[in-house]
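Trainee: Using the working numbering, the first residue of the sequence shown is number 3, and each one after it goes up by one.
Incorrect hints may have been included.
Unchecked claim - Pairwise CB distance ranges, derived in the manner of DEER restraints:
1. Arg-200 x Leu-114: 35 to 41 angstroms
2. Lys-291 x Arg-226: 27 to 33 angstroms
3. Gln-177 x Arg-411: 29 to 35 angstroms
4. Lys-291 x Ile-395: 25 to 31 angstroms
5. Pro-405 x Ala-176: 47 to 53 angstroms
Stated by the list, open to error - Okay, derived cross-link-like pairs now, SDA-like style, lysine to any residue, Cα gap no bigger than 20 angstroms in a straight line:
6. Lys-219 x Arg-229
7. Lys-291 x Pro-405
8. Lys-291 x Leu-342
9. Lys-291 x Pro-408
10. Lys-219 x Phe-235
Hint data in this document are derived by calculation from the structure and do not stem from the laboratory. Virtual Cβ for every residue (Gly too), placed ideally from N, Cα, C.
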Amino acid sequence: MSGGTGRQFFVDVGPLRASPGFRWLFGGMTLSVTARQFTIVAVPYQVYQLTGSTLLVGALGIAQLVPLLLTSVVGGALVDSVDRRRLLLITQLVLALTAGGLALNASLEAPLVWLIFLLSGINAGVSAIDNPSRSASIPALVGEGYLAQAFALIQTLFNIAKTAGPALGGLLIAQAGLTTVFLVEAALFLASGIVLLRLPHLIPEGGGRRFGVESIKEGFSFLRDRRLLQANFLADLNAMIFGAPQALFPALGETVLGGDATTVGILFAAPGAGALIAALTSGWVGAVKRHGRVIIIAIASWGAAIAAVGLSRSLWVMAFFLAIAGAADVASAVFRTTLLQAAVPDELRGRLSAIHVGVVAGGPRLGDFRAGSVASLTSPQTSLVSGGIMCIIGILAIARWLPELPAYRPVHDQPQE
């Protein structure tokens, strides 16, 4: 992220004006990202309603993690090998079908919990191909001159959806029921696919690399030899495994706070609200020199905010600290993504993006399982407080074990010898 002083305080919409292809991608993403947020609320809420078990809600994370990791292993190499437009169209169709399956199951007199787990796992596995396909398509659509602005727009979109989607999903569950929510989700994925039909063909540079085991190994070999990238991934895993609170929201909303689906939706939306404010006012990031230190501070702040949620007894106090956590998460994500892009050559971007997706999406699933397991043995509040404290301890340990992270600054900001 270059430039970036107070002169450009709000997000730059230049890529949308300059690139018709990016406009279509952005439009399709708006629909699909909103649909995903409905899933994030509806699926754990349904499992909690059917079972009353925070452990099973947390186990959803494991059901999603296994196919996500398996798919991400090959997904990056696939993204570097075939037409990314075709991949995006296929993934929207499969995601629509899984949402339709969830709707059909929800309409049964006795919905099948195992089927919810199965369809959630398929959804996660497909996402491990969909996400890197979108990320790797952006440079071809906007060019180098608008790349940073395009990713800032995507971050803003993501956080608008994370704010509005869960709140709307919770309200829709309360007013119309789970079946309707899943049907709306399926319709949004289908609409996303229709919009993405307008994209040009997105063949990887050089016509695409040959897909195979060697191309997969190449990405992991690159990561194995770079401690800075390892620290970057470990920092995110630490934050999500110990600090991810989402699996506890149904229990917090209904059991601890005595609310309903709307209450649960507010809890899901609160981190997105804080993240959105941080993303919209991110003009300051270009002036930061010590990117690694900001990552450490942001993740420690995330852990402290999550612990504070566990000590709270009011919905709006919980929402306040969750919003702070969301803002800290944006700061961490901006600089971790910038570090990754700066450290990886273009020909490996699809594969490293897929590993990144595995970390970013897999970490919260492990975190859900940890949070649900601890809550089932103790309480949701104890799970949050202990997780937040462990998150702070973990990021300080990573900084000491891998000093490349706190020392990192962009190449153009390195001190001259």
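Trainee: Does the Cβ pair Pro-405, Ala-176 satisfy 47 to 53 angstroms?
Mentor: 50 angstroms, holds
Trainee: Under the criterion that the straight-line Cα-Cα distance not exceed 20 angstroms, is the pair Lys-219, Arg-229 satisfied?
Mentor: 17 angstroms, holds
Trainee: How does the Cβ-Cβ distance of Gln-177 and Arg-411 compare with 29 to 35 angstroms: does it lie in that range?
Mentor: Roughly 50 angstroms apart at Cβ, these two residues miss the hinted range, so it is violated.
Trainee: Take the C-alpha atoms of Lys-291 and Pro-405, compute the straight-line distance between them, and say whether it is at most 20 angstroms.
Mentor: 16 angstroms, holds
Trainee: Run the distance test for Lys-219 versus Phe-235: straight-line Cα separation, threshold 20 angstroms.
Mentor: Judged against 20 angstroms, a Cα distance of about 18 angstroms means the pair holds.
Trainee: Does Pro-408 sit within 20 angstroms of Lys-291, going by the straight-line distance between their CA atoms?
Mentor: Cα-Cα ~11 angstroms, so holds.
Trainee: Between the beta carbons of Lys-291 and Ile-395, is the distance compatible with 25 to 31 angstroms?
Mentor: Holds: the Cβ-Cβ distance is about 27 angstroms, inside 25 to 31 angstroms.
Trainee: Are the Cα positions of Lys-291 and Leu-342 separated by 20 angstroms at most?
Mentor: Holds. Lys-291 to Leu-342 sits at ~16 angstroms (cutoff 20 angstroms).
Trainee: Per the hint of 35 to 41 angstroms, is the separation of the Cβ atoms of Arg-200 and Leu-114 within bounds?
Mentor: 38 angstroms, holds
Trainee: Determine whether the Cβ-Cβ distance between Lys-291 and Arg-226 falls within the hinted range of 27 to 33 angstroms.
Mentor: For Arg-226 against Lys-291, whose Cβ atoms are near 29 angstroms apart, the range 27 to 33 angstroms holds.
Hint compliance for this structure: hint 3 is the single one not met.
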